[in-house]
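J.: Can you build the whole structure from these sequences, using the hints too?
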Amino acid sequence: MALDSQNMRAHWKEFFEAYDYLPRIAEISQDYPEKRSLYVEEREIHQYNPEFLQEILSMPTTALQIGRDVILELMPAPEENIDPHKLWLRINPSPPTQPIPIRDLRETNLYKFITVEGLLRRVTEVRPRLLVGAFQCKSCTAIMYQHQESSTLTLPAFCDQKRGGCGKTAQQTEFVLIPEESKFIDQQKIEIQESPEKMPRGGVQPQRLLGVIEDDICGEVFPGDRVQLAGILHAIQRNKYRTTEFEILLNVNSLRKLSKEYSEIELTKEEIEEIEREARQPDVFEKIVHSISPTIAGMEKAKQAIALQLVGGVTKVLEDGVRRKGDIHILLVGDPGTAKSQILTFVSRIVPRGIYAVGKSTSAAGLTAAAVKDEFGEGRWTLEAGALVLADTGIACIDELDKMSKEDRSAMHEALEQQTVTVSKAGIYATLNTRCPVLAAANPKDGRFDPNRPVFDQIDLPQTLISRFDIIIPIVDRPQTEVDQKIASHIIKAHYHGEILVSKEMGEDRKVDDASSADLVPPYTMEFLKKYISYARKIVPTLSEEAKKTILERYLEIRKQGEGEENAPVPITPRQLEAMIRLSEAAAKLRLSNVVTEEDAALAVGIFMSCFREVATDRTTNRLDSDLISTGIPKSKRDELAIVRDIIREFEETSGGSEGVSFDELERICEERHGISSDRLKDILEMLKHKGEIYEPRDRHYRRIRE
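If you number the sequence shown the way the working numbering does, the last residue is 1023 and the count never jumps.
Take every hint as true, because none was put in to throw you off.
List time: in silico DSSO-like cross-link candidates among lysine-lysine, alpha-carbon distance up to 27 angstroms: (1) LYS603 with LYS846; (2) LYS329 with LYS402; (3) LYS761 with LYS619; (4) LYS722 with LYS641.
Treat the hints as calculated values from the structure; they're not laboratory data.
Everything numeric in this text was worked out from a predicted model, so none of it was measured.
T.: Quick look at the structure:
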């Protein structure tokens, strides 16, 4: 049975008194306007009277207005400066009420008090909204005040004589808004979408919901926050035409962040003691590594690198303003079916503000950011954050990086190196932060890796982007009996363990083979791992003399491989040196140590060099060549390019023929004089054509393109 206003008023008063809200009301009265919101817990209303709660949820506009009136009545000494339009009764949702999935919102939810959860996609600036308009009558100059209920400006119906007006109607006179005499309220518009981890299966697109935040809760959330919003769901017309189709908009009453940045995670004294106790264990690094994607067998090298990535190095700002990033970027390049996506998904779940995205994004913002048409009904251009911006201070896990758009390719360079994204379009110029490590995965463009070709020849990514990654890990699926048996056994155990878990959920009591599931139980739970990483990230270690010596000696040892020969390849560059330093700092952080020891440096350098050798070794000479990462062309191939280029030039200068040199002639000279095979020659000619240095005036004949 619906409550009338008198009974609802009595219920509110009794509730405030019974649940000790009177001191909080008195505090608002004393501290207004700094404090102007009274938060009540939904579970307490339910404990007081479940039927009363249902009335509030069913007719929230009336219920909240009456509750606000009761708050004014209960104030010990209400002052005249308390504006009833800026006094808020806010309800914090809690069980038994459950959030409604955004895709399940229906007309039955309209004008009800509902709760939704999701990821904030867009947040506008805080802007004033007209709350009470002061309108001056042009006939008599009297000022009439009109409360604004909607987004459409409402004029006074007449110039009220009781308020000193002339009595003329709006049709007989003209009203002019006087902004300085009007009252405004802060307003912010948001767009929330379903969280990726809570979306139904089947590759469906995330549903979105527009919302409006007002007054003292503005400015508390940012793009990328996972939030719980409670408020009244409204139906709105998106344009001025007479249409029977409406959009939905949530008028937010209260909000709560569901995810926190690492720096915001609060740890109890007992949790800190447990973390520090674990950090003193000699095998803490191995435990952390084995807690990363425990259902995936092998991948030790990738998991070790990711463990270091999760805590990162030390971000430094030097006296000259130069910023040295501490984040570690990792690229996994491998055959299909090698569990790259599962690892990315796992990492995105254990990191606050972790975002999992696919390179071939369907949103306009893509991976970085974009200026898009405003969806709030105002027709303006607004800024929409992409995955990297949403992951700011978290981690961005990007699958299928090789399939990203051209716009993202150009913006990714800045995002990885400078950790910002600059957008300049449609009158919008903004620089957004992307202060997060990137864990990306890419597939070979021909389906599978060819072990006889360089890794980077087989990835559809520009070398300038590849070189921004600190660690590049190739994952090649090669049949190996011993390894295959280990992986297959692990997969079977994972399925068995999953079957047991499902049977328990269904109430079945099956006999469990504990030995089969032992390998799948990680040393640390996801929750503990998240807290451990949060605590470790706050450590700021410094390099010990021993660590400096270890890194320097190893770096110089590798550099010396390029000495003593004219035009020798450069085996390693300062960019790789900085990566080794960041990894060494991360190793110390994982031990919660303020000092980077020799052991930390040795561990980091070992992990780095193990990966670096796989991708930076010239297969022709079997020597390290950093140009493989920076340009994709090793020194040996550059030499061969120069040889073929010179042969074509010499032929043109001596013969002067317009048809160019034939392939047969090139093949003979290259084989006899330089030992270049026919297949390598074909690759070299294709590369020169791709670079725009030569062309074919006729089939299998080649000439230079003169500038």
